[in-house]
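Each chain, written out:
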Amino acid sequence: MTIGTSEAIEILGTISFAISGSFAAMQKRLDPFGVLIIAFVTSIGGGTVRDLLLGDTPVAWMRDVNYCLLILLTSIATIFFKRHIKKFKVTLFLFDSLGLGLFTMLGLQKGIVFGLSPGICVALGTITGCFGGIIRDTLLNTIPLIFRKEVYATACIMGGILYFSLVHFQMKSDLAKVAVIAFIFTLRVIVVRYKLSLPKFGY
Amino acid sequence: MTIGTSEAIEILGTISFAISGSFAAMQKRLDPFGVLIIAFVTSIGGGTVRDLLLGDTPVAWMRDVNYCLLILLTSIATIFFKRHIKKFKVTLFLFDSLGLGLFTMLGLQKGIVFGLSPGICVALGTITGCFGGIIRDTLLNTIPLIFRKEVYATACIMGGILYFSLVHFQMKSDLAKVAVIAFIFTLRVIVVRYKLSLPKFGY
Amino acid sequence: MTIGTSEAIEILGTISFAISGSFAAMQKRLDPFGVLIIAFVTSIGGGTVRDLLLGDTPVAWMRDVNYCLLILLTSIATIFFKRHIKKFKVTLFLFDSLGLGLFTMLGLQKGIVFGLSPGICVALGTITGCFGGIIRDTLLNTIPLIFRKEVYATACIMGGILYFSLVHFQMKSDLAKVAVIAFIFTLRVIVVRYKLSLPKFGY
Chain C
1 MTIGTSEAIE ILGTISFAIS GSFAAMQKRL DPFGVLIIAF VTSIGGGTVR DLLLGDTPVA
61 WMRDVNYCLL ILLTSIATIF FKRHIKKFKV TLFLFDSLGL GLFTMLGLQK GIVFGLSPGI
121 CVALGTITGC FGGIIRDTLL NTIPLIFRKE VYATACIMGG ILYFSLVHFQ MKSDLAKVAV
181 IAFIFTLRVI VVRYKLSLPK FGY
Chain V
1 MTIGTSEAIE ILGTISFAIS GSFAAMQKRL DPFGVLIIAF VTSIGGGTVR DLLLGDTPVA
61 WMRDVNYCLL ILLTSIATIF FKRHIKKFKV TLFLFDSLGL GLFTMLGLQK GIVFGLSPGI
121 CVALGTITGC FGGIIRDTLL NTIPLIFRKE VYATACIMGG ILYFSLVHFQ MKSDLAKVAV
181 IAFIFTLRVI VVRYKLSLPK FGY
Chain Y
1 MTIGTSEAIE ILGTISFAIS GSFAAMQKRL DPFGVLIIAF VTSIGGGTVR DLLLGDTPVA
61 WMRDVNYCLL ILLTSIATIF FKRHIKKFKV TLFLFDSLGL GLFTMLGLQK GIVFGLSPGI
121 CVALGTITGC FGGIIRDTLL NTIPLIFRKE VYATACIMGG ILYFSLVHFQ MKSDLAKVAV
181 IAFIFTLRVI VVRYKLSLPK FGY
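Chains as they are written, first to last, in full-length UniProt numbering: chain C, 1 to 203; chain V, 1 to 203; chain Y, 1 to 203.
Bear in mind the hints are in silico, worked out from the structure with no lab data behind them.
Note that the structure is predicted; figures quoted are calculated from it, not measured.
Glycine included, C-beta positions come from ideal geometry on N, C-alpha and C.
Some hints here could point you the wrong way.
Unchecked claim - Subject to a maximum C-alpha distance of 20 angstroms in a straight line, what follows is the list of computed DMTMM-like cross-link-like pairs (lysine to aspartate or glutamate):
| # | chain 1 | residue 1 | chain 2 | residue 2 |
| --- | --- | --- | --- | --- |
| 1 | V | 110 | Y | 64 |
| 2 | Y | 110 | C | 56 |
| 3 | Y | 110 | C | 64 |
| 4 | C | 110 | V | 64 |
| 5 | Y | 195 | Y | 56 |
| 6 | Y | 110 | Y | 7 |
| 7 | C | 110 | V | 56 |
| 8 | Y | 82 | Y | 7 |
| 9 | C | 195 | C | 96 |
| 10 | V | 110 | Y | 56 |
| 11 | V | 28 | V | 64 |
| 12 | V | 110 | V | 10 |
Stated by the list, open to error - Pairwise CB distance ranges (calculated):
| # | chain 1 | residue 1 | chain 2 | residue 2 | range |
| --- | --- | --- | --- | --- | --- |
| 13 | C | 81 | V | 195 | 48 to 58 angstroms |
| 14 | V | 170 | Y | 178 | 44 to 54 angstroms |
| 15 | C | 171 | V | 65 | 18 to 28 angstroms |
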């Protein structure tokens, strides 16, 4: 059995989100099982909310135990090698951004398969990309980073709009997907590198 | 195509909840996309939880993109005209209470269509009316106002009981609906105007 | 009509979780309806999340109004007799642990009925046992105790693994269930009695 590009990136995305969740949980000094649960929730949160909203149940992670094993192993590895991995903070951020791009694309695609309108597909992609992090931060009792910091959901929404534009102008679907993932990834890197953010409100 | 009374009030309710969500998010100094997401969640949260619990998926807002557009436009308008709208704080509160009444009635009615028992219908109405605000406050990291302040869920529960009482005593269904919406609306106004609240607990 | 062992313990579990939710809400000084809602959420949260993930809707508590009535009565009783019940803190903890054991077993069993793999069944049991408390603590704006304190989800996971081990070694299913419930219950009591906990992380 060979693994396709899509599966390969999904696996990388799952690993990245599991690592990000593990780190967030360890910073809040949770015990190992708390860390495991937060890693799990961060990795499968987005896809679970997507499948619940669509009524595509049992949700994805219940039908394929391999993703659960992958998250478990990633989480355990993060706990044991945390000093080592910490040095790769930049690598982590890059994987997280790649995961965001791919999960957004997967959600968007699933919306199209379900025959929903483009605006709803963009929303579904954004939910798939972002919701794992929202649930993680809510459980850890902080205002979700998505609402606080640099462009995050915005990158997903812009990526979704880009996808429909590219397809509208006859770009091949597979090429458009890779372009969108690259776009979201690059946008995140530029935004974080140059500390860009949308204007905030004050009274 | 003409718009019925029910649709008209649902549109007003959606707008009101979107405005209330936008204001709450701006007070927490979120960026424009954070404001948009909170407005969206506040408006569609109650109906989404209702549809998920019933298994009526894809959930309502996925099937009708117009509500998403309505929330988007309302949220943008609130951001740009916030100084102007701020003066209409009382108007906002009135719309919010009207929305609470209607959304409660819509949830109750959907429970009846699904053949659930009266007690469950009342719970479903209360969830539809209140859950948008609960999710909003949870995401913004405050104890939901519903648990803190004046009568809120209580108004929905009492309204639900009133509906079944009126129908039991042979009142026409449409008339009973309007009466319940007016009841919840009026109760909220009286409670907030005279700062009434249920007794709290202390040790 | 006679009540089986399983129903009897489910009723006890529901009562225990309702009491635990009521106490948590009263400590946060919520009004009576806030207390009722938190009690309700604590009692039905785990089963609701389980049924949503499985797509078994309308969720359980909507199909049987008796559990709602049971929670309502328990909550009201807790409010009125709170001084009296407070003395039975140990009793409460014991019931809570019993409830945890049983709800875990119920979730596990439902996963088996749905033909899911053992690992997923253990996850489903853990979710059923723990999620009521997670939602309760999230709504009350504290980091869920499950992530903070002594072994909690861990007990559910170990109980789930024990069940499949016992069944693998030909133990009768009914006997294995009782053994698992007793195991989770006993583990919780020992852990809390001797203040055991998993090691935490610090930098």
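Verification of the hints:
{"no.": "1", "hint": "V:110 <-> Y:64", "verdict": "holds, 17 angstroms"}
{"no.": "2", "hint": "Y:110 <-> C:56", "verdict": "holds, 18 angstroms"}
{"no.": "3", "hint": "Y:110 <-> C:64", "verdict": "holds, 17 angstroms"}
{"no.": "4", "hint": "C:110 <-> V:64", "verdict": "holds, 17 angstroms"}
{"no.": "5", "hint": "Y:195 <-> Y:56", "verdict": "violated, 38 angstroms"}
{"no.": "6", "hint": "Y:110 <-> Y:7", "verdict": "holds, 15 angstroms"}
{"no.": "7", "hint": "C:110 <-> V:56", "verdict": "holds, 18 angstroms"}
{"no.": "8", "hint": "Y:82 <-> Y:7", "verdict": "violated, 26 angstroms"}
{"no.": "9", "hint": "C:195 <-> C:96", "verdict": "holds, 17 angstroms"}
{"no.": "10", "hint": "V:110 <-> Y:56", "verdict": "holds, 18 angstroms"}
{"no.": "11", "hint": "V:28 <-> V:64", "verdict": "violated, 30 angstroms"}
{"no.": "12", "hint": "V:110 <-> V:10", "verdict": "holds, 14 angstroms"}
{"no.": "13", "hint": "C:81 <-> V:195: 48 to 58 angstroms", "verdict": "holds, 57 angstroms"}
{"no.": "14", "hint": "V:170 <-> Y:178: 44 to 54 angstroms", "verdict": "holds, 53 angstroms"}
{"no.": "15", "hint": "C:171 <-> V:65: 18 to 28 angstroms", "verdict": "holds, 24 angstroms"}
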